[in-house]
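Using the sequences and the accompanying hints, generate a full structural model.
Keeping their order, the protein sequence lines are chains A and B. The first sequence begins at 1 in this note's numbering and counts up by one. The second sequence begins at 1 in this note's numbering and counts up by one.
Just so you know, not all the hints are guaranteed correct.
Said to hold, decoys possible - Pair ranges (Cβ atoms, derived):
(1) B:19 - A:93: 30 to 36 angstroms
(2) B:125 - A:252: 23 to 29 angstroms
(3) B:65 - A:5: 56 to 62 angstroms
Quick caveat, the hints were computed from the structure, so don't treat them as lab data. Being a predicted model, the structure only gives us computed values, none of them experimental. Beta carbons are placed, not taken as given, at the ideal position from N, Cα and C, and that holds for glycine.
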Amino acid sequence: MEAGTLLVEVGALVFLLSFVARLAATLGISPIPLYVITGLALGEGGALPLITAEEFLEVGAEIGVILLLLMLGVEYAGAELVQGLRTSARVAALDFACNFGAGVAVAVAVGMSAPAALVVGGVTYASSSGVVAKLIDDLGWMGNRETPGVLALLVSEDLIMAVYLPILGVLLIGASAGRATVQLAVALTAVGTALVLAIRFGTLLSRWLFTRFTEAMLLGAFGLALLVAGAAAMIQVSAAVGAFIVGIAISGPAQELSRELLRPLRDLFAALFFTFFSLTVDPRDIPPVLLTAVVLVVVTAATKYAVVVWGAATQGLGPPARRRAGLLMLARGEFSIIIAELGIAAGLDERIGPLAVTYVLLLAVGAPLLLRLQTPPHPALSLS
Amino acid sequence: MMREVDETPLPGVGVRFSFRSGAGRRLSVVVHHTGRRDVYVQAARDPDASEQILELDEGDSQLLAELLGGSRVVHDLERLQHLSSELALDWLVVEADSPADQRSIGQLQLRSTTGVTVVAVLRDGQTLPTPGPDFTLRSGDTAVVVGTPANIRRVRDLLRP
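Structure representation (structure tokens):
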């Protein structure tokens, strides 16, 4: 009886999400904002409050984060990361300083505590690799001259996140200064070592992990990611970063096969994650933070745009290409939500949830709209 | 004339190869990790932008490459094999430390001892057609040879250490 209720609720939710995803595909936008809206509508205080299946969804959401980051790591080869960071080091440093700084400044201005402000800084800093890469592909801009720079900057942001998340994780526990320093040292050493190992010896691990039996490959990659993510969480490194590093280590034939096998799994659990996150946000809490969210959007859109346009100009790109690069990088998505979720889990400022939801909704929808106004999409002749 | 090809990594996507076409516009091929290949041409209105002209899967692009560049080779090869069942064409790599390294085709006496003719040498991405007896082979070269299958096997052994 109870199992039946659970299945009906989860089934109804997933079935509903399929229509949401279909709508997103028809509109040509990322499904993330629509999943978030669905969660808002169904959750506490929403138009259609439901869901007693919270426990199941919570686990599903956690797996969703791990799969999102695992896939992000799988998309990159170790060499690409190093090269991406090298080619975009200067603009990446400025990007972090300005956009993280702007988020922190606005948060402090509205009276948030220091840890909460650090969370908001992360939310406003990280552009969405997934949304941006998909936008470039959808708009047919892969051959443009600004594209390699944009992708390299996204890589740098993802790597910086791998350092930022453990630091945030330690700070959010609120231990004494002495203990926090020790934990921070442990966490950062672990991340640094794991990253170097993943880039250096990823091929060895991948050769060992690889099998042409698809079930074995899927279970191997997914199981290893969960295992490392769990171990990472135990030393406060954040499960997401652990999964990301496993993804980076997977290369060669194992990378190609995992990419193919994990994608459907990621799509399913990521949808649960985005929906679950906004289920926990009461839409009635949004109006009081709306003004703050709009200020945050305007300020951080301006800083992001300015930094990227400057970076594109130093690469000798013309004004239209600079504009395209700047607008592309405005899109926020999965990382902002993952970071906000950490802040909520730590019981920080209760404005973080509604603020992050509004912020991501505005930029995940706004950036693609602005881009489409720039140039109408140019569909290629497809043979499929 | 060889055109210079730029190779740019697209992290998470693949690699982009581009070159300036004879008409002066930049042509780019984006090779996705998935094997998909997209062909772009530089847009007229904005030199940094490009327009996608083709989206190909792996099979499409192989066939297209053959039609664009290799059709004559394929055609000739077929005729050659048709001429005689005894005659074969093969690509042999000159391996490092092989006795043929740094020696000329004349010194190796390929033709007089085996009857095999080197019709071309592929070196550093270039094709050097009809090398003479004083042409010096280097390790890493690929010799395109014509002869009977048995004799080609003897030449292959000569090009190994």
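Checked hints:
1. In this structure the supplied range 30 to 36 angstroms holds for residue 19 of chain B paired with residue 93 of chain A, their Cβ-Cβ distance being about 33 angstroms.
2. About 25 angstroms separates the C-beta atoms of residue 125 of chain B and residue 252 of chain A, a value consistent with the hinted range of 23 to 29 angstroms.
3. A hinted range of 56 to 62 angstroms holds for the C-beta pair residue 65 of chain B and residue 5 of chain A, which are about 58 angstroms apart.
Hint violations for this structure: none, all hints satisfied.
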